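Residues per chain, in single letters:
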Amino acid sequence: MRDSPEVVLTRHFFASLFDFGFLSDDGAESLKRALLGSLAVALALGGLLVRVFMAKYSELSSGPYDAYQQAALADHSFLMAVPMWFVAAAMGLVGESLFPNQLDFRILMAEPLSRPMIFGAKLAALLLFGGLFVAGTHVALAPLAALTMLGMFKAGSFVGPATAFAVSSALASFFAALAIVGVHGVLVLFAPRARLVAFSGAVRSVTIGGLLLALPLVARLPAADRAFAADAWWLRLAPPAWFVGLERWLVGDLRFSALAALAAIGTVGVLVVSVGSYVLLYRRFDRVTLQPAVSRRADASDRSLARWSGRAPVQHAIGRFIAITIRRSPLHQGLVVGLLAAAGGFVLNSFLNASGWHDPTETRQKRALINTLLWAPMTMAFLAIPAMRLAMWIPLDLRANWVFRLTEDEAGRAEVAAANLRAVWALAVVVPMTLIGPLQWLMLGPSAFGVLIVEMSIGWLLVEWAMAGWQRIPFTCSYLPGKGFVPHMFVKGFASFVFFSTASVLVLRISLARPIATIAFAAVFSGTAGLLAVLRARHARESPLIFEDELPTDVNPLRLNAD
Amino acid sequence: MLQARGLTKRYGGLLALDRVSFELHPGEIVGYLGPNGSGKSTTVNLVVGLLEPSAGDISLSGIRLSDDPIAYKRQLGYVPEEPSLYAHLTASDYLMLVGRLRRMPTAVLHKRVPELLRLLQLHDSRYKTMTAFSKGMRQRVLVASALLHNPQLLVLDEPFSGLDVNAGLLLRTLLRTLADEGRMILFSTHRFDMVEKLCSRVIVLSSGRVVVERRVADFARDGPDSLEDTFVRATMQPEFAPLARQIIDTIEGA
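In order, the protein sequence lines correspond to chains E and G.
In case it helps, the numbering used here puts the first sequence at residues 4 to 566.
In case it helps, the numbering used here puts the second sequence at residues 263 to 516.
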């Protein structure tokens, strides 16, 4: 039984899901360890959440039952959202492997294996993979779920509500998984073959980016008790709320029938799309997977980032190489989008906390909101710059870097450094400022223009500082993680963040109040950045490009003895 | 002229190449033969400057690689053994990247790249990423990238690997014509037939040392003085007939 072809094939599909379709063997192995570690972290966090919610529920248990039930509804939406998030993230990451693909077709169909066996094994592997995340997150959150339901003893029943919660929560995770399967199913069946890989990578990046942006919203669900009480409109847009409606409907509470109906319609909808695309692919496996890819002209957007890279030949070549790699490599695109979205999520959370949007005059809330508006783009840039640097460090195909090693010259090194700088500047400074600029304009009026100029000059200075001495061509150098002392890096990073965000908000506040200060600050920061740019170019010419990452040569003594 | 003198390469305690010397003159195609692990790829990597020798030096047209690696590398084109290229680029993207890295004028690239792609029958696939390319197609892209800047020296590591018959014939004729025009070609391969048809001289390597260096015309067509038999003797290969018998016995056994 253990060695039957079905079991072997299922095991193969299951194991290959953990490289997420784009990791090397070493990367996949590290990821497996990281996933096991995160499971332990999830269990610990589950325990921590119980501790956090304990005080709330001990207070609620002595109050009226309605207040308790209202709070429990909001917490249940959180308890359902967390597994949904994890399952969606896991399924999103393996998006390209959700269906048997061309490689499976070419390798497996040549073996004495039937099509039902291949599809069956793939489905079984997916169920195991999804089930692992559903079970893991539910086990981690089970103590908290139990805590939220202890008060139901008062109403005389526990088993019924607990069963309703378990069924609804499992269905919610099932919905999240099927939604991702459905999107990829439609993509596999209907996307042109020439663009399938690009579309698939883009969907994966958008999924991960969207999920990271949704994190602050998930974290706020426990505070949504009033929204449930008022049957707020936005609950219809929040899938976890649908399944809370279903939970209530299952215990006979018809107040949230509309939400329950949405849960049912949503689940059936994604089930139909997912099963339908699986069945269609099953019947047209050869036609779909072996459809010839139609050539297409490179469109203008392929050159969008390359335009930033200037006219110097090597600079242009590297700029274009960076742009194409970020567009086409799922790993690098995912990293850039994911890390930028994480920074965006952090900023979004601050906006959700802010009030005073409609205050006509200068109030305390409005001042805090303006500070947040000034802080947001600088914070995003501060987080996005190291994130971009990390994404540019992860190698693509080390064997192919010989072409850069054969063509390296002194002037080219300076052009490489300039191209790197412009790419980081474009994605980590210009993008956040373009996203938040309209909001600043809305709140600050024409003064926002001056703020933008100072922000851009600070951004330039920050990028020059962060990229000084970075003598690599992105994606071509080996990467050895963990070269620094992690606690030291964490403390240094946190201190830098506090200093940078405080100082930049102060500078922008002053610029906002005095236009002359805008010019002075912009001149000082741009001048300093320009000076750093000259030094960078000189240093780059003299230092060879690095293609092999090295561990630091300095020895860090552990000082384990008393001396 | 390419001159390699006393090339030695050690990887830790392993001696991969032991005092290898050879010359390559304009108009010559030299075949570089040897069994796996004999040091062929190490020599190629040293000649193109991807590795630094532990001892010895290399010069091309009087420029020593150790003195001025940039000027040295400007004169050579390289086709690696594995079709190692950035497959997420299109063939056109890749050639433009290589051309710009070599500082070729954009106008020249815009003319030369499509023309090379057309001549190497890659024009129809020019907008496809090379992930969809066969090994032969990738090999043709690498040949185009090696020729793009019209180099004096071509270093080719198994350039016929994966090419179909027509592409192989085209490449053979192209290399012969390039040599006739005075370019130097160092051609590392496992294929005796290609060496016999294409090369003027052959160097055989075994365990990191040159064991045979002779003009191809000096080998007999068949018999003990043929290139193949000389190679087998010089590199101390085992008897193949008993080995083949053992393999068949293994698969036929219970």
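Worth flagging that the hints you see were computed from the coordinates, not collected in a lab.
It is possible that some hints are incorrect.
Beta-carbon label-pair distances, calculated as ranges [said to hold, decoys possible]:
1) E/L534 to G/E285: 32 to 40 Å
2) G/P367 to E/L135: 51 to 59 Å
3) E/P195 to G/R483: 52 to 60 Å
4) E/V44 to G/K397: 52 to 60 Å
Keep in mind it's a predicted model, so treat the numbers as computed, not measured.
Virtual Cβ for every residue (Gly too), placed ideally from N, Cα, C.
**Which numbered hints fail** = Numbers 1, 4, in rising order.
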